[in-house]
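J.: If you want the building blocks of each chain, they are given just below.
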Amino acid sequence: RGSSHTAAMSRSYDRALTVFSPDGHLFQVEYASEAVRKGTTAVGVCGKDVVVLGIEKRATAKLQDPRTLRKIALLDTHVAMAFAGLTADARVLINKARLECQSYRLVAEDPVTVEYISRYIAGVQQRYTHRGGMRPFGISTLIVGFDPLDQRGHLYHTDPSGTYSEWKANATGRNEKTVREFLEKHYSEDASAEDTIKVAVRALLEVVQSGSKNIEVAVMRAGEPLKTLSDDEVDALVKVIEADKEAESESKKKGKSSASS
Amino acid sequence: DLPLRSTAKMDFTWGVKGKDFVLLASDKQATHSIIVVKSDQDKMYQLNDHQVLAVTGEAGDTVQFAEYIHKNVQLYQIRNGIPLSPNAAANFIRGELARYLRSRTPYSVNCLLGGVDPQDGSAGAHLYYLDYLASLNEVPFAAHGYGAHFNLSILDRYYKPDLSVDDAKELLRKCLAELRKRFIIHLPTFSVRLVTKDGVQTIDWNAEMAA
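Protein sequences appear in the order of chains A and B.
If you're matching positions, the first sequence starts at 21 in this note's numbering and goes up one per residue.
If you're matching positions, the second sequence starts at 8 in this note's numbering and goes up one per residue.
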């Protein structure tokens, strides 16, 4: 009969693409994480009065306009995110998140907290591992911002499985382990704003060729809009970092105890 | 589905476009039949840095519609990195009014949108008249409510295209004086906003009147 025929047709698309393997794995989700691991590095650091996002810029073709490849996106005036993985998937997720930020403002008369929007994004990512006919998003995100009421800074990380958690500093994408290990060694909760920005850039420089050509840094302070550092500002910062490194290795050579920056 | 009745006319909004600015005014009374529920109601909504929407009409519809428009204008800005132009915003608002007009739940609101496009220099000031039947007109001056019947002829007589801000304020003074004299409803206080390429300024009209 016609109706049972069409029901059968739609039922085949209702089948989830992400199903459990016999030993309890969701392979599609794990493969999505592989896609993330191939993506350019992103780093996020949460300081006392400042939150920082840094990304590795992918080399652009000569005829391509590099300004149109934005990997740091503003979700609302007080929340921003960076990602690693499939850029097109990120575009869709960012769009949904931006809409949710305004929807929430309309309904609750308050801006979202960083936790809320991270939970929302993670929820969307999880749904795509659950409902039929869709593959998971091939991205992990780093979400930073300041909560509207208490002006406290936060950093969250989400992954293709839909897990989300808060971090003091984290990295995602290729070489994330190296960057994270550097952060574990050098991150300090009480660092000044300048030092927080420096540690984010230093962490990124561990795995990316130095120079403003290859990294992009964005900084947000409580109550202020997101500021993307200009090429000159990044260059200047990198110079300071290299000078610091020189001074450190000099004092190490001389056998004195090195002052940690 | 109730037929769309003509919206309440007791609210008053007013707008005048000058050389490179828009001056908007609205009364501050929220009334239900013969009772004044609130006398410091702000009927203007700042959609973004350079645009103000004054709304009047059905109680509830006004706030719901204005807040919905405001959030969508903000969303556009976040998504595209630049604000909606006044012309685009006016057409968006009109589109939403039109969409809901032929639904079971139309919005009974009348709007005046005053905006300045900072890129456009002196050609950047725009005033739009929208009503509950989803009409849209760009105009040099406009008003909504019963008060409009008293003011349009004064505006016809004294309006000039290259008004200065002081000229516009004088025009507002004349219009409000006529209301005070001839309109049966007493409107004691007004919200007044000035939109220029530098942003939106709230004018303390009580101070202006005392001066």
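By construction, these hints were calculated from the structure, which means they are not laboratory data.
Keep in mind the model is a prediction, meaning the values are calculated, not measured.
Treat the hints with care, since some could be wrong.
Covered stretches of chain A, as calculated for chain B (at least 3 residues, CB under 8 Å) [said to hold, decoys possible]:
1) 93-105
2) 110-124
Restraint-style ranges between C-beta atoms, simulated for each label pair [to be verified]:
3) B:Asp169 x A:Arg147: 55 to 65 Å
4) A:Pro245 x B:Gly128: 17 to 27 Å
5) B:Thr209 x A:Gly243: 18 to 28 Å
6) B:Ser142 x A:Leu126: 22 to 32 Å
7) A:Asp130 x B:Pro147: 36 to 46 Å
8) A:Arg111 x B:Ser40: 31 to 41 Å
9) B:His39 x A:Leu126: 50 to 60 Å
10) B:Lys167 x A:Asp130: 43 to 53 Å
11) A:Asp255 x B:Arg180: 55 to 65 Å
Built from N, CA and C at the ideal position, the CB exists for glycine as well.
J.: Would you mind marking each hint as holding or not holding in the structure?
T.: Tested hints:
no.	hint	result
1	93-105	holds (count 4)
2	110-124	holds (count 6)
3	B:Asp169 x A:Arg147: 55 to 65 Å	holds, 57 Å
4	A:Pro245 x B:Gly128: 17 to 27 Å	holds, 25 Å
5	B:Thr209 x A:Gly243: 18 to 28 Å	holds, 21 Å
6	B:Ser142 x A:Leu126: 22 to 32 Å	holds, 26 Å
7	A:Asp130 x B:Pro147: 36 to 46 Å	holds, 39 Å
8	A:Arg111 x B:Ser40: 31 to 41 Å	violated, 51 Å
9	B:His39 x A:Leu126: 50 to 60 Å	violated, 25 Å
10	B:Lys167 x A:Asp130: 43 to 53 Å	holds, 45 Å
11	A:Asp255 x B:Arg180: 55 to 65 Å	holds, 57 Å
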